[in-house]
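Peer 1: Spelled out, the chains give:
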Amino acid sequence: MTTPNASRAARLAALRWIAVAIVGATVAAVAPHVLSRVNKAPHAEPLSIGPAVGMPGAPATSTSGLLQRIDDMEARLRAQPDDTGAAVLLADALLRQARATNDGRPAGRASEVLNAALKEHPGQYDVLRMLGAIYLSQHRFRDALEIARRSRDLRPDDAWNYGVMGDAQIELGEYSDAFDAFDRMMALRPNAGAYARVAYARELQGDVKGALAAMQMAAKATAPNDPEAQAWYAAQTGELSLKLHKLDDADREFRRAVFLFPNYPLAMIGQGKVRVARGDREGALAIYLEQLKRTPTLDLAARIGDLYAARGDAAQSKHYYQLAEDLAGPGMVQTEANLALYLADHDRKTSDAVTIAEAVAAKRHDIFTEDALAWAYYKAGRVKDAYAASQRALRTGTRDEALLARADRIRAATARGAARDR
Amino acid sequence: MKKTLLFASVIIFLVSFLMLTGRASSHREAPLISQDPMADNTDLYAFRSPDRPDTVTIIANYIPLESPAGGPNFPAFDDTVLYEINIDNDGDAREDLTYQFRFHTETRNPETFLYNTGPIASLDDPNWNRPQTYTVTLVQHGPGNSERSSVLGADLPTPPDNIGPRSTPNYDALAAAAVRNLPGGIRVFAGQRDDPFFVDLGSIFDLAGLRPFNPFHLIPLPVQAGRDAVAKYNTHSIAIQVPIAQLVHAPNTNIGIYASASRQQVRILRKDGASDDGGPFLQVSRLGEPLINEVVIPLGLKDRWNRTDPEDDGQFERLYSAPEVSRLENLLYGGVLSPITVTGRADLVAILLTGVPNLNFTGEARADLLRLNTAVAPTAPVGSGNRLGVLEADLAGFPNGRRLEDDIVDIDLRAFAEGYGSFLHGLLGLPNKAPNNQLGDGVNANDKAFLTQFPYVAVPHQGYEVP
Chain G
1 MTTPNASRAA RLAALRWIAV AIVGATVAAV APHVLSRVNK APHAEPLSIG
51 PAVGMPGAPA TSTSGLLQRI DDMEARLRAQ PDDTGAAVLL ADALLRQARA
101 TNDGRPAGRA SEVLNAALKE HPGQYDVLRM LGAIYLSQHR FRDALEIARR
151 SRDLRPDDAW NYGVMGDAQI ELGEYSDAFD AFDRMMALRP NAGAYARVAY
201 ARELQGDVKG ALAAMQMAAK ATAPNDPEAQ AWYAAQTGEL SLKLHKLDDA
251 DREFRRAVFL FPNYPLAMIG QGKVRVARGD REGALAIYLE QLKRTPTLDL
301 AARIGDLYAA RGDAAQSKHY YQLAEDLAGP GMVQTEANLA LYLADHDRKT
351 SDAVTIAEAV AAKRHDIFTE DALAWAYYKA GRVKDAYAAS QRALRTGTRD
401 EALLARADRI RAATARGAAR DR
Chain P
1001 MKKTLLFASV IIFLVSFLML TGRASSHREA PLISQDPMAD NTDLYAFRSP
1051 DRPDTVTIIA NYIPLESPAG GPNFPAFDDT VLYEINIDND GDAREDLTYQ
1101 FRFHTETRNP ETFLYNTGPI ASLDDPNWNR PQTYTVTLVQ HGPGNSERSS
1151 VLGADLPTPP DNIGPRSTPN YDALAAAAVR NLPGGIRVFA GQRDDPFFVD
1201 LGSIFDLAGL RPFNPFHLIP LPVQAGRDAV AKYNTHSIAI QVPIAQLVHA
1251 PNTNIGIYAS ASRQQVRILR KDGASDDGGP FLQVSRLGEP LINEVVIPLG
1301 LKDRWNRTDP EDDGQFERLY SAPEVSRLEN LLYGGVLSPI TVTGRADLVA
1351 ILLTGVPNLN FTGEARADLL RLNTAVAPTA PVGSGNRLGV LEADLAGFPN
1401 GRRLEDDIVD IDLRAFAEGY GSFLHGLLGL PNKAPNNQLG DGVNANDKAF
1451 LTQFPYVAVP HQGYEVP
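Chains G and P, in that order, give the protein sequences.
Sequential numbering of the first sequence, starting at 1, is according to this note's numbering.
Sequential numbering of the second sequence, starting at 1001, is according to this note's numbering.
Okay, chain G solo, but in the shape it has when bound (with noise of 0.2 Å):
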């Protein structure tokens, strides 16, 4: 039901965000340079840019829009190399890209952008602020939360950066710390962004409804002129639900996302899921077959493999299962621990699948790594090294019905390796 009118409308709107952007753009491009020259304070970091410029939820976007925007903003940079706006707005639309099409390329060049901006300007708070945010949707956590506390060290009352920040420490697995920050972020102010991280704390220590109620109220807070933030919330919405059981509202909020946002992946595969759930594999094998068209990644593929298996077509899923391995490839942001955690669960190159979670491990603690690594050590007949990583997988008090079937496999295991030792 995407209407010329709709669609038209979309347009319009990115057009006039496009306007006020470039206006921001303009301003951001002289105002490092006189700043620079007038201010000579030590932490020189005497004006911010603008509002359009380095939120997540910037301009309303649709697909075209985010495409111009991008074009428009590279344009601009190879004009003017210097312009740091350009380049912060520029990040923006690539980190929405990545975000909307589930292909983590264009944070790469995001990164770039910035990088090079903080070269001829370091300290420029827009810009670390942007990088932040951009090392988060690259996987690099460390980085993220470095750059993030220097941000914070600036502008102690942004509570973007306590986003950030918090966001790193939950991938790291530092949990507290990551409470911590969204509690800091959600007392300086509460909006749709601090909603969502409260309701993924809560997910993550097992209170799904909880979660749910707060992830509503993130979706209401959202502005209606952004289709691609209502579709993400929409989207974690179907999630949740879909947790709960609770079908028909996660297959409503998941069409709900692609009529915001045509082929939002995220909503796309929620659907899938849903089928699934419902026992109608074919269905979703329809539906996972045309999205991995738009978006191949080694969840869809696996996704697909699981269901050709299901079916009894060793070949189709055999094809699937090596496509899976294949794009976990460089060039894709994928976790590697979901790498790890698909290896050990089919039974493919289990000995990798180890080698692989302990090299993750060793940087971040969070539970779905350590799940991994626990399912990995299972499979490679590790069982009481599988047991202690999945002690850790559950310390969080998480209701992941996957996470806890393995983690009983493994406690069961051990149960018996304890009997068999007595």
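Simulated from the structure, these hints should not be mistaken for laboratory data.
Even glycine gets a Cβ: it sits at the ideal position worked out from N, Cα and C.
Please note that the accuracy of each hint is not assured.
[To be verified] Restraint-style ranges between C-beta atoms, simulated for each label pair:
#, chain 1, residue 1, chain 2, residue 2, range
1, P, Pro1280, G, Ala309, 45 to 55 Å
2, P, Asp1092, G, Asp157, 21 to 31 Å
3, G, Lys119, P, Asp1312, 39 to 49 Å
[Stated by the list, open to error] When the alpha-carbon atoms are kept at most 35 Å apart in a straight line, the in silico DSBU-like pairs for lysine-lysine are as follows:
#, chain 1, residue 1, chain 2, residue 2
4, P, Lys1448, G, Lys209
5, P, Lys1433, G, Lys220
6, G, Lys293, G, Lys379
[Claimed, not checked] To spell it out: a stretch of chain G is covered by chain P in this simulated footprint if at least three of its residues, at any positions, have a beta carbon under 8 Å from a beta carbon of chain P; those stretches are:
#, region
7, 176-183
8, 188-196
9, 214-225
10, 255-267
Position chain P against the provided structure of chain G, taking the given hints into account.
Peer 2: Chain P only, in chain G's frame:
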């Protein structure tokens, strides 16, 4: 060096005015608010109602940047935001009365994501899939921190957005049906309206240009007529009309008003079974005098300023007494304007933070409040007052309250440039520098005529007509 400084000032000014991008006097302001339009105050108006002169009408606008054709997600008030209009009636800069507005959206058919599935002929038409109702609560603040709340009205209807001749035929009548009378002679309306603010942003963005003064700018251009950049945009208004007797603290006739939006804080950890989604509300946006957030408060302070209550505004006084805008006016139009005093501007502190003696002075407490002397009778029907208000001896206009027709941009440009006009010069001895007293952006009126009856704000532009 001089040029560098000049450009620095231009940039600062432009950055301030960037916040105007949202096409009203306070739009897309704090970086953290820019993504939260539903909790973003854009303008506040307060005036004695010309057609019901024993009442005061207060209009608080929210949600910047409403494109009339902005579907499929048409804007509405946010059910999770606490909207408030606060009134200080005893001059201590603390609110004595608060009118609270909470909204509730019903989804009639969860299986469609469309705003409506057929023409909306009435406020309870089943074709309207997302009707929104609201509750008005009066909070009376007593000694200490005591409060008494009373619900003035519940389940009050709002009109739909103005979509087009198929979805919302007879829109004017549809919207008029949403005006409700509450006990005690109070009248309320909440819903989409034309954005009543008017300003030539296009020129102001271009190195702070004012088209009528183009030849006198440092970078001269031929004179042009001003162009209203806010024309054809909508906003959401909360309008309330209250008998004066309920607002004032006799014998004091002056009141100070500010509008705000607050969001609820929720905590991460929940006790088993107990909901903790009912945390305290934190003010995330406020508005008293127009344009303060844009031209007085620098970007780095905007978030803090928005969180601060007016009673604590003393900390911002220096920004009023040494205003950046005045400095900029000197720099950009120095060739033609009489030099403007840029420090010790007690006149601005008075007008914007305490009220003008013998007009709307509320007390020594510095606070960003829109101040209205309710003893001053209306001088004209809505829309017909002198656009320059008190500057041209129309005491019922800005800065004594604010009417829809008051030309805030021109008044501010002149006030900041010490061009107060002969009336205020004679009355209060305020400076009347020339030609500073002629400054203006050339946009003198709203693009749409106001209504002569409550809620006065013009009917919103229709999506079908205004892409």
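Peer 1: Now look at each hint and say whether the structure bears it out.
Peer 2: Hint check:
1. P:Pro1280 to G:Ala309: 45 to 55 Å: This hint holds: roughly 52 Å between Cβ atoms.
2. P:Asp1092 to G:Asp157: 21 to 31 Å: 27 Å, holds
3. G:Lys119 to P:Asp1312: 39 to 49 Å: With a Cβ separation near 41 Å, G:Lys119 and P:Asp1312 satisfy 39 to 49 Å, so the hint holds.
4. P:Lys1448 to G:Lys209: 48 Å, violated
5. P:Lys1433 to G:Lys220: Violated - the C-alpha atoms of G:Lys220 and P:Lys1433 are around 50 Å apart, more than 35 Å.
6. G:Lys293 to G:Lys379: 32 Å, holds
7. 176-183: Three-residue rule met by the region 176-183 of chain G, so holds; n is 3.
8. 188-196: holds (count 7)
9. 214-225: holds (count 7)
10. 255-267: holds (count 4)
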